[in-house]
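Chemist: Residue numbers (our numbering), protein chains in the order written: chain A, 1 to 232; chain B, 1001 to 1082.
It is possible that part of the hints are untrue.
Stated by the list, open to error - Each computed EDC-like pair below joins lysine to aspartate or glutamate, with the alpha-carbon atoms no more than 16 Å apart:
{"hint": "1", "chain 1": "B", "residue 1": "Lys1010", "chain 2": "B", "residue 2": "Glu1073"}
{"hint": "2", "chain 1": "B", "residue 1": "Lys1010", "chain 2": "B", "residue 2": "Glu1076"}
{"hint": "3", "chain 1": "B", "residue 1": "Lys1010", "chain 2": "A", "residue 2": "Glu156"}
{"hint": "4", "chain 1": "A", "residue 1": "Lys46", "chain 2": "A", "residue 2": "Asp21"}
{"hint": "5", "chain 1": "A", "residue 1": "Lys146", "chain 2": "A", "residue 2": "Glu189"}
{"hint": "6", "chain 1": "B", "residue 1": "Lys1010", "chain 2": "A", "residue 2": "Asp155"}
Said to hold, decoys possible - With the C-beta cut set under 10 Å, the calculated list includes, among others, these residues of chain A facing chain B:
{"hint": "7", "residue": "Ser66"}
{"hint": "8", "residue": "Pro104"}
{"hint": "9", "residue": "Val106"}
{"hint": "10", "residue": "Arg111"}
{"hint": "11", "residue": "Gln112"}
{"hint": "12", "residue": "Ala151"}
Keep in mind the hints are simulated off the structure, nothing from the lab. All values reported here derive from a predicted model rather than from experimental measurement. Cβ coordinates follow ideal geometry from the N, Cα and C atoms, glycine included.
The chain contents come next:
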Amino acid sequence: MSTRRPTVAIVVFPGSNDDRDAAWALGAMGAEPVFVWHDETELPDKTGAVLLPGGFSYGDYLRCGSMASVAPAMDAVRRFAEGGGLVLGVCNGFQILCEARLLPGVLRPNRQLEFVCDDVAVRVENPATVFTSRCRDGQELVLPVKHGEGAWFADEGTFVGLAARGQIVLRYAQNVNGSLGAVAGVVNERGNVMGLMPHPEHAVDPLLGSADGGLLLAALVDAASERVLAAA
Amino acid sequence: MRATVLIRPKQGILDPQGEAVQGSLRKLGFAVGQVRVGRLVDVEVEVEANGSDDARAQIKRMCDELLANPLIESYEIRLEGS
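One chain only, chain A, in its complex shape (with noise of 0.2 Å):
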């Protein structure tokens, strides 16, 4: 039975905190979550798609993220990425795939300099990439937010072409935070790397009061089951 699962690998970085609910939330939607350290080398074998979790890496040091986009299991992972697999980074998994460069744009600190800790609706922007394929356009999901830096920033140039190519998500329906165009979820280019700063794994049971992030993590699951299958 477990062979059929998919392993998500989770990366674990000092400071992470979302890691056990991202892991338990991806096993809810049939995924074989495997915690990978964030000095290790190597992603697992067969792994199928990557999250990296919520938490504050490195104590947000410097610049949230910062120093977790150049440990070393980053390097595995921007392989991976860059091998066309799956990526998807909650909230500070965002921040370090910002600062990464695998997503474009930077997390900034809130404009009303708060931390915002709420159930939000964000609006499904795009209903085609690999992480919304289980979403209808324009759908709003109700997620939790909680964090301090989560103004998602990129020049004029950069924010038009993202819209353009349909690179820009999920947006606030209401902008809790002051990202440039409400932004809270943002795709790469080649559509294998997601962020966002909602946290889907908190919201996978109508008992957590929404059950919307398994929309996304489902879908995920969805794709690395496909990639796992391909591969063999």
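Since the structure of chain A is provided, determine the placement of chain B on it from the hints.
Modeler: Frame of chain A; chain B shown alone:
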């Protein structure tokens, strides 16, 4: 060789921290204009004697690869005794 790197938010980049400091300074009665908050990093670099060009080149790489994010930050390198 010792170096100091000054890292600043680029002009035009919103700096909420600087705005908050500006507000607090004004509450204290200071007549201040724009306030921007950056970062300072002191680095000791191991280089050969008279290697200040080498040190500068190394520190520039440190800035580009880790210490600064060029999307939002500019940096200035000061080498001690050069």
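Chemist: Taking the hints in turn, state whether each one holds.
Modeler: Okay, the hints, checked on the actual structure:
Between B/Lys1010 and B/Glu1073 the CA atoms are separated by roughly 5 Å; this keeps the pair inside 16 Å, and the hint holds. A threshold of 16 Å between alpha carbons decides the hint, and for B/Lys1010 with B/Glu1076 the separation of about 12 Å falls inside it, so the pair holds. For the hint pairing B/Lys1010 with A/Glu156, the CA-to-CA distance comes to about 15 Å; that is within 16 Å, so the pair holds. Of the pairs offered as hints, the one joining A/Lys46 and A/Asp21 is violated, with about 22 Å between alpha carbons and a cut-off of 16 Å exceeded.
Proposed proximity of A/Lys146 and A/Glu189 is contradicted: the alpha carbons are some 27 Å apart, above 16 Å. This hinted pair checks out: B/Lys1010 and A/Asp155 have alpha carbons roughly 12 Å apart, not beyond 16 Å. The beta carbon of A/Ser66 is positioned within 10 Å of a beta carbon in chain B (closest approach about 6 Å), and the interface hint is therefore held. Because the closest C-beta pair between A/Pro104 and chain B is about 9 Å apart, less than 10 Å, the hint holds.
For A/Val106, the interface hint holds, since its Cβ comes within 10 Å of a Cβ in chain B; the closest pair sits about 5 Å apart. Restraint check, A/Arg111 versus chain B: the minimum CB separation of about 6 Å is within 10 Å; hint holds. The criterion of a C-beta within 10 Å of any C-beta in chain B is met by A/Gln112, whose closest approach is roughly 8 Å, and the hint holds. For A/Ala151, the shortest C-beta to C-beta distance to chain B is roughly 8 Å, which falls under 10 Å, so the interface hint holds.
Comparing the model with each numbered hint stated earlier shows that hints 4 and 5 do not hold.
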